[in-house]
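**Q** Chain by chain, the residues run as shown.
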Amino acid sequence: MRLTPIRLAKRNLVEGYHNKSIYYSLFFPVIFLLIAMQFNISDPYVLVGPAFVLGSLDDALLTLSRERESGTLAKLFLSPVSRWSITGGRVLSSLLLGVMKATLVLPLLIFQMGGKAAYLAINPFTLITFYIISSLTISLTVLIGLTFTALFRNTRLIVLLASSVILLLAIPIIMPFSGGNTNAVEYDPFWICYRSFGKLAVITTFESFEQESYWFSLPLALNLVLFLVANVVMRRKIA
Amino acid sequence: MTEPIKAIETIGLTKNYGKVIGVNDVTFTMAKGEILGVLGPSGSGKTTLIGLLAGIIGPSKGSASVAGLDVAKRAKSLSSRIGVVSDFVGIYDDLSVEGNLTFFAKIYGMRPTVAKERADDVISLLELEGCRRTLCGRLPRGLRKRALVAAAIVHEPEILLFDEPTAELDPHAAALVRNYALSISHSGRSVVWTTNVLSEVEGMCSRMLILASGRIVADDNPQRFTRGIAGSGYVDLTVSGIRAENIADVLEAMNVSWRTTGENEIRMTAENVSEILDRVVTSIGRMGGSILSIEGKNPKLEDAYLQILGEVRK
Chain R
1 MRLTPIRLAK RNLVEGYHNK SIYYSLFFPV IFLLIAMQFN ISDPYVLVGP
51 AFVLGSLDDA LLTLSRERES GTLAKLFLSP VSRWSITGGR VLSSLLLGVM
101 KATLVLPLLI FQMGGKAAYL AINPFTLITF YIISSLTISL TVLIGLTFTA
151 LFRNTRLIVL LASSVILLLA IPIIMPFSGG NTNAVEYDPF WICYRSFGKL
201 AVITTFESFE QESYWFSLPL ALNLVLFLVA NVVMRRKIA
Chain W
1001 MTEPIKAIET IGLTKNYGKV IGVNDVTFTM AKGEILGVLG PSGSGKTTLI
1051 GLLAGIIGPS KGSASVAGLD VAKRAKSLSS RIGVVSDFVG IYDDLSVEGN
1101 LTFFAKIYGM RPTVAKERAD DVISLLELEG CRRTLCGRLP RGLRKRALVA
1151 AAIVHEPEIL LFDEPTAELD PHAAALVRNY ALSISHSGRS VVWTTNVLSE
1201 VEGMCSRMLI LASGRIVADD NPQRFTRGIA GSGYVDLTVS GIRAENIADV
1251 LEAMNVSWRT TGENEIRMTA ENVSEILDRV VTSIGRMGGS ILSIEGKNPK
1301 LEDAYLQILG EVRK
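Chains as they are written, first to last, in this note's numbering: chain R, 1 to 239; chain W, 1001 to 1314.
I should point out that these hints are in silico values taken from the structure, not numbers from a laboratory. Please read all numbers here as calculations on a predicted model, not as lab measurements. Where is the CB? At the ideal position from N, CA and C, for every residue including glycine. Treat the hints with caution; some may be incorrect.
Each computed EDC-like pair below joins lysine to aspartate or glutamate, with the alpha-carbon atoms no more than 16 Å apart [what the hints assert, rightly or not]:
| id | chain 1 | residue 1 | chain 2 | residue 2 |
| --- | --- | --- | --- | --- |
| 1 | W | Lys1061 | W | Glu1009 |
| 2 | R | Lys10 | W | Asp1094 |
| 3 | W | Lys1297 | W | Glu1245 |
| 4 | R | Lys20 | W | Asp1094 |
| 5 | W | Lys1073 | W | Glu1117 |
| 6 | W | Lys1006 | W | Glu1202 |
| 7 | W | Lys1300 | W | Glu1202 |
| 8 | R | Lys20 | W | Asp1093 |
| 9 | W | Lys1297 | W | Glu1275 |
Every beta carbon over 10 Å from chain R, so not counted as near; a handful from chain W, in silico [said to hold, decoys possible]:
| id | residue |
| --- | --- |
| 10 | Glu1034 |
| 11 | Val1197 |
| 12 | Asn1255 |
| 13 | Glu1275 |
Some chain W residues flagged as far from chain R (calculated, every beta-carbon gap over 12 Å) [as the list claims (entries may be wrong)]:
| id | residue |
| --- | --- |
| 14 | Asp1025 |
| 15 | Ser1079 |
| 16 | Val1084 |
| 17 | Glu1117 |
| 18 | Ser1124 |
| 19 | Leu1126 |
| 20 | Glu1127 |
| 21 | Met1204 |
| 22 | Asp1249 |
| 23 | Asn1264 |
| 24 | Gly1288 |
| 25 | Ile1308 |
| 26 | Lys1314 |
Construct all of the structure, not just a fragment, from the sequences and the given hints.
**A** Encoded structure:
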């Protein structure tokens, strides 16, 4: 039973592969960044985060709803699998997808990003940080979606509400980079993640990794809180 | 710890969806090894009752225990002891029949080799060999329903909660599922079987509940219920060569109630009237009489069912 989250994560990935949503999830960030690179954006690295967020919308909004509609979620709830495993499996599959997405995006970041070559040094600490930030951004998106999926039964409502919340948090925060006021978004976890993407170039040693790691604390804490909330709400509301 | 004798026990089980009543104050117990038929018109609460017993729907009031475990607590051990077939439970469309069964067997804690063996057993039991590698999303509805039943029994549950399991099945497949339910009840396992097919209840259930507007309006053995509501069966005989009164002694010896309805006509009433008819006909022949016509009526569950629902509506 200890393998259950892994088994469920594998099931989610295979299902995504069969219904082809995995292609959207994997290639959207690359396509988004390739298109974004054609515009003269002053700080293009901030687009990496939104690329991951938008590429995770299917995972966040629809996969659990599809499972609920098909009755497989009820089937899992009727099995000895715990709610933690079900949510954990979902987040784990999103993280695995996130690692794949990040890997696909890496060449763009290393070799060409808004015309600035070698933005991301091929350095273990930089790479580790990059994967951590990518994972936090993606799991944050997915957990917001899961919480809404657990709260509501109506798929349209879930898509409307959860995508609104995700996009409100994830998109307007680009504005400060075009000269806006940053005070309002200081505590936006997505923004913190995005800023971390901008700092990757300086995280080349363990010391710099340690120094900058406080950036992860708020997104990580929010991830944990949302994981708990999603489980509690799912326990009460899923039937 | 001793095993509970009751497979299921509900006390005042109630589920409301806002102002709509799902089930209302449902109280019953069910013994181990029993097949409990649950009848009722659409919207009477059959599926809600299954959902409540499975723990997938939370009750508004009352309690239910299944296999001695409180359903509200949703004990993990309960999950592996029940198997559910219902509209609210599904299988993965992108997996084959075999893939689904193996996946769910593993989810129930079986080792991969055991899961594979168990999947093979269930495929064989429900005659799904021809489509074992077909994706469930591509199965015709009948075969898909069979796969759903297979997924519900792959972990060998001791209590089956079957919500219209034979709906959409062809007669052969329906018989397979009924035979499976009968065979497991003989081994001491219990089945709750909701259906709209009255002959299934007559044929396989030792006890039945009738739900109407969420309430239990009948809880009885199907045959006893039928007799109680629709009365005993009767046969009208028209004889010649002898007078109707002349065969009174024969009928009384057989414990058959009778009354003459004409000079040569007699109405016999008994619980098992069709079984004793041969003996009555033989006796009349010995007495030198002959039978001109036989007309009879055996009460059916359908008559009793419709009658009681009519009374409830009034």
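**Q** Hints first: check each against the structure and report whether it holds.
**A** Do the hints match the structure? See the list:
Our distance criterion of 16 Å between C-alpha atoms is met by lysine 1061 of chain W and glutamate 1009 of chain W, whose separation comes to about 14 Å. With a CA separation close to 13 Å, the supplied pair lysine 10 of chain R and aspartate 1094 of chain W stays within the 16 Å bound. Restraint check for lysine 1297 of chain W and glutamate 1245 of chain W: the C-alpha separation of about 22 Å exceeds 16 Å, so the hint is violated. Proposed proximity of lysine 20 of chain R and aspartate 1094 of chain W is supported: the alpha carbons are some 11 Å apart, at most 16 Å.
At roughly 32 Å between alpha-carbon atoms, lysine 1073 of chain W and glutamate 1117 of chain W are farther apart than 16 Å, so this suggested pair is violated. Proposed proximity of lysine 1006 of chain W and glutamate 1202 of chain W is contradicted: the alpha carbons are some 23 Å apart, above 16 Å. With a C-alpha separation of about 9 Å, the suggested pairing of lysine 1300 of chain W with glutamate 1202 of chain W holds against the 16 Å cut-off. Under the criterion of a C-alpha separation no larger than 16 Å, the hint pairing lysine 20 of chain R with aspartate 1093 of chain W is consistent with the structure, at around 13 Å.
Note on lysine 1297 of chain W and glutamate 1275 of chain W: the hinted pairing holds, with a Cα-Cα distance of about 13 Å set against a maximum of 16 Å. For glutamate 1034 of chain W, the condition that its CB be more than 10 Å from all CB atoms of chain R holds, with the nearest at approximately 22 Å. For valine 1197 of chain W, the condition that its CB be more than 10 Å from all CB atoms of chain R holds, with the nearest at approximately 23 Å. With 10 Å as the threshold on Cβ separation, the claim that asparagine 1255 of chain W sits away from chain R holds: the shortest Cβ distance comes to roughly 51 Å.
Look at glutamate 1275 of chain W: its CB is around 45 Å from the nearest CB on chain R, clear of 10 Å, so calling it non-interface holds up. The beta carbon of aspartate 1025 of chain W is kept farther than 12 Å from every beta carbon of chain R, the shortest such distance being approximately 20 Å. Distance check on serine 1079 of chain W: its Cβ comes as close as 4 Å (rounded) to a Cβ of chain R, failing to clear the 12 Å threshold; non-interface status is violated. Residue placement check: valine 1084 of chain W does not keep its beta carbon more than 12 Å from all beta carbons of chain R (closest about 6 Å).
Against the 12 Å criterion, glutamate 1117 of chain W stays outside the reach of chain R, whose nearest CB is about 18 Å from its own CB. At the 12 Å boundary, the C-beta of serine 1124 of chain W stays outside the reach of chain R, the nearest C-beta of that chain being 22 Å off. Taking the minimum C-beta to C-beta distance to chain R, about 17 Å, the non-interface status of leucine 1126 of chain W holds against the 12 Å cut. Every CB of chain R lies more than 12 Å from the CB of glutamate 1127 of chain W, the least distance being 22 Å, so the non-interface label holds.
At roughly 24 Å from the closest C-beta of chain R, the C-beta of methionine 1204 of chain W stays outside 12 Å, upholding its exclusion from the interface. No beta-carbon of chain R comes within 12 Å of the beta-carbon of aspartate 1249 of chain W; the shortest separation is about 63 Å. At roughly 64 Å, the least C-beta separation between asparagine 1264 of chain W and chain R is larger than 12 Å, which holds for a residue marked as non-interface. Distance to chain R confirms glycine 1288 of chain W as a non-interface residue, since its nearest Cβ pair spans about 69 Å, more than 12 Å.
At roughly 31 Å from the closest C-beta of chain R, the C-beta of isoleucine 1308 of chain W stays outside 12 Å, upholding its exclusion from the interface. The beta carbon of lysine 1314 of chain W sits about 34 Å from the closest Cβ of chain R, which is more than 12 Å, so the claim that it is off the interface holds.
Hint compliance for this structure: hints 3, 5, 6, 15, 16 are not met, and every other hint is.
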